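*Asks:* For reference, the chains in residue letters:
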Amino acid sequence: MASLQLHAEYVQQLQSSNPVDVYAALRTIKNAIIGSSTKKALYFRLHIIPHVSSLLAMDDTDVQTRIQATTIVGSLAHKGEDAAKQLLDGGVMESLVNQIMPGTDAMLMEVSERALNALLSYTDTKMSVEEYAFSLVSCLLGIIAEAKDSTQLFEMRAHARIELAVLILGKLCVTESRQFAVANAGTIDLLVPLLTWGYPRLQIATLQTLSALSYENMEICRALATVPHDGQLFLAIVLKLARHQDPEIRLHACVCVSNLSRMRVSGSATRDIQNIAVPALVKLLRCPGVSSLQVVQALGYLCHEDAEIQIAAKNAGVITDVIRILADIESQEGIDFVDHEHNILVAKAGFLTLGTIVSAGEECRAKAVESQALTYLARAMGHRDDGIKAAACLCTQYIVRSVPICRTHVPESGILKPLLKLAQHETLDVQVSATAALINLLPDFSPLRTEALKENIVDTLVGLLDSSSAMLCRNVLWCIRNLLVNIDDDTRLSIIDKVGIGRLCAISRPDADPVIREQAVGVLQNITVENDQGTRAIFECLGAEKVVELLLGLLDPQTETPTQVHSLYLLNNIAVRSQECCEHIVKSKPLLHAIAARVTSPVSEVAIGALWCINSIATHKAPSSRSGGRGDSGSSSDEGEPRYLAQLEELGLQATLEGMLRDSGLCLSVRDRVKTCLDYFAPLAI
Amino acid sequence: MTASSSSGKPTIGLDEWESKMAEVPIAKSDLNRLIMNYLVIEGYKDAAEKFSEESGLTHSVDLGSIEERMQIRFAVQSGDIRGAIERVNDLNPDLLDTDPRLYFRLQQQQLIELIRQGRAEEALAFAQDELAPHGEEHPELLRELEKTMALLAFDALEGSPLADLLDFSHRQKTANELNAALLAAHSQPREPKLPALLQLLAWTQEKLDEKANYPRINNIVSAVLEPPAAAATGDGASTASQRP
Numbered sequence: 001m002a003s004l005q006l007h008a009e010y011v012q013q014l015q016s017s018n019p020v021d022v023y024a025a026l027r028t029i030k031n032a033i034i035g036s037s038t039k040k041a042l043y044f045r046l047h048i049i050p051h052v053s054s055l056l057a058m059d060d061t062d063v064q065t066r067i068q069a070t071t072i073v074g075s076l077a078h079k080g081e082d083a084a085k086q087l088l089d090g091g092v093m094e095s096l097v098n099q100i101m102p103g104t105d106a107m108l109m110e111v112s113e114r115a116l117n118a119l120l121s122y123t124d125t126k127m128s129v130e131e132y133a134f135s136l137v138s139c140l141l142g143i144i145a146e147a148k149d150s151t152q153l154f155e156m157r158a159h160a161r162i163e164l165a166v167l168i169l170g171k172l173c174v175t176e177s178r179q180f181a182v183a184n185a186g187t188i189d190l191l192v193p194l195l196t197w198g199y200p201r202l203q204i205a206t207l208q209t210l211s212a213l214s215y216e217n218m219e220i221c222r223a224l225a226t227v228p229h230d231g232q233l234f235l236a237i238v239l240k241l242a243r244h245q246d247p248e249i250r251l252h253a254c255v256c257v258s259n260l261s262r263m264r265v266s267g268s269a270t271r272d273i274q275n276i277a278v279p280a281l282v283k284l285l286r287c288p289g290v291s292s293l294q295v296v297q298a299l300g301y302l303c304h305e306d307a308e309i310q311i312a313a314k315n316a317g318v319i320t321d322v323i324r325i326l327a328d329i330e331s332q333e334g335i336d337f338v339d340h341e342h343n344i345l346v347a348k349a350g351f352l353t354l355g356t357i358v359s360a361g362e363e364c365r366a367k368a369v370e371s372q373a374l375t376y377l378a379r380a381m382g383h384r385d386d387g388i389k390a391a392a393c394l395c396t397q398y399i400v401r402s403v404p405i406c407r408t409h410v411p412e413s414g415i416l417k418p419l420l421k422l423a424q425h426e427t428l429d430v431q432v433s434a435t436a437a438l439i440n441l442l443p444d445f446s447p448l449r450t451e452a453l454k455e456n457i458v459d460t461l462v463g464l465l466d467s468s469s470a471m472l473c474r475n476v477l478w479c480i481r482n483l484l485v486n487i488d489d490d491t492r493l494s495i496i497d498k499v500g501i502g503r504l505c506a507i508s509r510p511d512a513d514p515v516i517r518e519q520a521v522g523v524l525q526n527i528t529v530e531n532d533q534g535t536r537a538i539f540e541c542l543g544a545e546k547v548v549e550l551l552l553g554l555l556d557p558q559t560e561t562p563t564q565v566h567s568l569y570l571l572n573n574i575a576v577r578s579q580e581c582c583e584h585i586v587k588s589k590p591l592l593h594a595i596a597a598r599v600t601s602p603v604s605e606v607a608i609g610a611l612w613c614i615n616s617i618a619t620h621k622a623p624s625s626r627s628g629g630r631g632d633s634g635s636s637s638d639e640g641e642p643r644y645l646a647q648l649e650e651l652g653l654q655a656t657l658e659g660m661l662r663d664s665g666l667c668l669s670v671r672d673r674v675k676t677c678l679d680y681f682a683p684l685a686i
Numbered sequence: 001m002t003a004s005s006s007s008g009k010p011t012i013g014l015d016e017w018e019s020k021m022a023e024v025p026i027a028k029s030d031l032n033r034l035i036m037n038y039l040v041i042e043g044y045k046d047a048a049e050k051f052s053e054e055s056g057l058t059h060s061v062d063l064g065s066i067e068e069r070m071q072i073r074f075a076v077q078s079g080d081i082r083g084a085i086e087r088v089n090d091l092n093p094d095l096l097d098t099d100p101r102l103y104f105r106l107q108q109q110q111l112i113e114l115i116r117q118g119r120a121e122e123a124l125a126f127a128q129d130e131l132a133p134h135g136e137e138h139p140e141l142l143r144e145l146e147k148t149m150a151l152l153a154f155d156a157l158e159g160s161p162l163a164d165l166l167d168f169s170h171r172q173k174t175a176n177e178l179n180a181a182l183l184a185a186h187s188q189p190r191e192p193k194l195p196a197l198l199q200l201l202a203w204t205q206e207k208l209d210e211k212a213n214y215p216r217i218n219n220i221v222s223a224v225l226e227p228p229a230a231a232a233t234g235d236g237a238s239t240a241s242q243r244p
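Going down the list, the sequences are from chains A and B.
Anchor point for the first sequence: position 272 equals 272 in the UniProt record's numbering, and the numbering is continuous, going up by one each time.
Anchor point for the second sequence: position 180 equals 180 in the UniProt record's numbering, and the numbering is continuous, going up by one each time.
Careful, some of the hints might be misleading.
[Unchecked claim] Label pairs and their in silico Cβ distance ranges:
| id | chain 1 | residue 1 | chain 2 | residue 2 | range |
| --- | --- | --- | --- | --- | --- |
| 1 | A | Ala-223 | B | Asp-30 | 36 to 44 angstroms |
| 2 | B | Asp-30 | A | Asp-328 | 37 to 45 angstroms |
| 3 | B | Ala-180 | A | His-244 | 42 to 50 angstroms |
[As the list claims (entries may be wrong)] Listing some non-contacts, in silico: residues in chain A with all C-beta distances to chain B over 10 angstroms:
| id | residue |
| --- | --- |
| 4 | Lys-30 |
| 5 | Gly-35 |
| 6 | Gly-74 |
| 7 | Gln-86 |
| 8 | Asp-89 |
| 9 | Val-97 |
| 10 | Gly-103 |
| 11 | Met-156 |
| 12 | Ala-225 |
| 13 | Glu-333 |
| 14 | Asp-336 |
| 15 | Leu-428 |
| 16 | Lys-454 |
| 17 | Lys-587 |
| 18 | Leu-651 |
| 19 | Leu-678 |
By construction, these hints were calculated from the structure, which means they are not laboratory data.
Quick caveat, the model's predicted, so the values are computed rather than measured.
We treat Cβ as the ideally placed atom computed from N, Cα and C, and that holds for glycine.
Generate the whole structure from the sequences, applying the supplied hints.
*Replies:* Structure, rendered in structure tokens:
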């Protein structure tokens, strides 16, 4: 209590008219808060911000007082994002920018840079300084240029100023427009030479900033890749740094290289990246003193959507190393004196990186399973942290993309029940990840399908269809779609009943979210694929007129290609299963025209779907004279001519199909289907 | 001339060894830089300045910063932890905010100093107000805190199992850690290269012992090459040389 009183008095003393008292109070406060999170919190409660902010804003505040006040701002900013936001709201930014202008006292400039660097450590604060961005970039580049020309670079203060300026520039690069603004100010030419200066901290800062500048930015990556310095290209310089003796430099060089690799601008150096960056990161995984979190994240980033690098990573032992890290973290659960928060971050990154590495290649998935990944994944799904649960689900999703793994290792892994539970989790991210993983466990080849049905997965999924999340609904519909393939009639009818044809048709309309619509039509397609149960259900629910209206809407030219493909196969299923239903399609000239228009689609999947529709419509035979003209259910077993040949001919299809056959560039799979369709037209052609 | 001893290991005489050593090109400037590196990192400012002048080395180090570092080191070594922290905060105010382990080490040393002075109540209050909240945020540090707090349980600190915390070497350890962090923050190596080279020398000689008898440096202070024992007793080289 006495201590609190004392601290309150220091804050009070900041209002003293005696500058010596103010300076003394600032110094005391500074030394109390640096390093101490609780003291920082205490001074926030004592409303220190307006005091330091006004001291900085006053023109007559002397340099030494400014240095102390600015240092306090910097230290308070280290408390966290909320603290930094409060400081920005308190109006410190303008003073700090003024204090890095040319001509400022060197020490004041340095502490101001430190404060800016701390304040801009958080996404929100980085975003919120838009109005100062231009002045900041200009001042910072000035500091770098000046220090670069200085013969006193080795002087510690000059060294710190240039390093901080480089770091702040990187922190400003949070949007594409900021990246361009920073790059267009001449940053690249100014920074690249710093990589060869031999000051480790400056090299690290430069690598960090160049990474931020080029992150997911094709144009800047391209510009960076071709920047020469001392006869070497940028990429060659950074790859050299990826083999530097300092592990921190190696790490940041690898991150920088990853940016270029991901934008595919590394050209002939692609092989070098595989041979240098991947092993460098693997060694760093085993290197004490280097942040395993950063290394794991860097590996995930480097391997993202690059099957070759994923294989290289697997061959370098990344999968086993990451699983070893996950195992170590798991073994520390519940133990005292462990930074569990940090472990959670590393575990989450570990699962995400593992997921990335196994996302494309079968051999990577096999390696992960061989290294007991499924065991850790199943346990991680029960972790107290939602981020870990979601990451484990995502990793599972990628591993179970493998049919052989689904058939062999997955049934014993115990992941189904946790996934079903997580599908109903209170957090949307977890639900989305869990349902995405379930998609791959429900096709007909998966032994877990039966178990999932026993666990009432259909009820669980249907319950989620009311979610307002498009991604969750998409995943749920995709699960249902996979469940319907090769399922027995009773289960199919039960699923149709529970999901509801009306609901599926409603979310297949043009105004539905495209990702949901695609899967809803996919479900309708699979409902109708095996026999006429589904088709009958659709016609009974909607009536023929609405079905035709729905199909017409789905074949609208604006409809996305994947949805169009599902729609054509839905139409095909309806046409082929029942002559009665086919009759409704044929009677609709707009629908026939819509199908015919897609026959010549440049997208082969669409053309093949349309050709299947033509084929199925043509399958129905007219009753032969010997059959007494008796109408029937449209079985193609009746002998006779194609019943709807005239309607198809009216569309000019025969000429179109023959024209397609003459096209030597026609895709072979389309050509085969065209030939089959033309067989039906042969009698007329004669 | 190289000869074989009865143990089957070749013996290399002093002359041959020295002549081979002389063949290895070592630039004087490299040796000078090695010495400069030691003087700067260990904080011998005056010596570094003089050496820089005499050797003509253009130094890439801020010699002024050595003094600041040494004052900080001296403050820790003499138990003035608060003074050391204030100096660090003036020199690099980010350091203790961004390195919680280092901050904890200094606070722990401060606690040890209070216990050493017998200010138990003050030590307890300091641990509760300063160290415990820090430990809560960084649980991996709590074990160390518990160990230090256990000092309060002993009446006779010298004989306690935790007496090592009170030893001067603990202050030295803390001072070294802080010095290394300050050096790293200035893009300087955390440790001088010379001790590492001496360790390398010892390791190399150990490995070479398995393969040959040769002139060794047995005393790194005098650094005198001593002739191989086998050759000195007339065994090995002389016997072998008499064979036809």
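*Asks:* Check the non-interface label on Leu-678/A: least C-beta distance to chain B beyond 10 angstroms or not.
*Replies:* The claim stands: Leu-678/A keeps its Cβ more than 10 angstroms from every Cβ of chain B (closest is about 75 angstroms).
*Asks:* Verify this label for me: Gln-86/A is non-interface relative to chain B, using a Cβ-Cβ cutoff of 10 angstroms.
*Replies:* About 17 angstroms separates Gln-86/A from the closest Cβ of chain B, which puts it past 10 angstroms; holds.
*Asks:* The output says Asp-336/A does not contact chain B. Does that hold with a beta carbon cutoff of 10 angstroms?
*Replies:* Violated, because the least Cβ-Cβ distance between Asp-336/A and chain B comes to about 7 angstroms, which does not exceed 10 angstroms.
*Asks:* Does the Cβ distance between Ala-180/B and His-244/A fall inside 42 to 50 angstroms?
*Replies:* Given a distance of about 19 angstroms, which is not inside 42 to 50 angstroms, the answer is violated.
*Asks:* At 10 angstroms, judged by beta carbons, does Ala-225/A keep clear of chain B as stated?
*Replies:* holds, 27 angstroms
*Asks:* Lys-587/A: least C-beta distance to chain B exceeds 10 angstroms?
*Replies:* holds, 74 angstroms
*Asks:* Take a quick look at Lys-30/A and tell me if its Cβ sits farther than 10 angstroms from every Cβ on chain B, holds or violated.
*Replies:* The claim breaks: Lys-30/A does not keep its Cβ more than 10 angstroms from every Cβ of chain B (closest is about 6 angstroms).
*Asks:* Checking a non-interface call: every C-beta of chain B should be farther than 10 angstroms from the C-beta of Val-97/A. Is that right?
*Replies:* Check passes; 19 angstroms lies beyond 10 angstroms.
*Asks:* Hey, does Lys-454/A actually stay past 10 angstroms from chain B on C-beta?
*Replies:* holds, 43 angstroms
*Asks:* The output says Gly-35/A does not contact chain B. Does that hold with a beta carbon cutoff of 10 angstroms?
*Replies:* violated, 4 angstroms
*Asks:* Taking the Cβ atom of Ala-223/A and the Cβ atom of Asp-30/B, is their distance within the range 36 to 44 angstroms?
*Replies:* Because 39 angstroms falls inside the window, the suggested range holds.
*Asks:* Per the stated criterion, does the least C-beta distance between Leu-428/A and chain B lie above 10 angstroms, as a non-interface residue requires?
*Replies:* holds, 30 angstroms
Hint check: violations occur at hints 3, 4, 5, 6, 11, 14; the rest are consistent with the structure.
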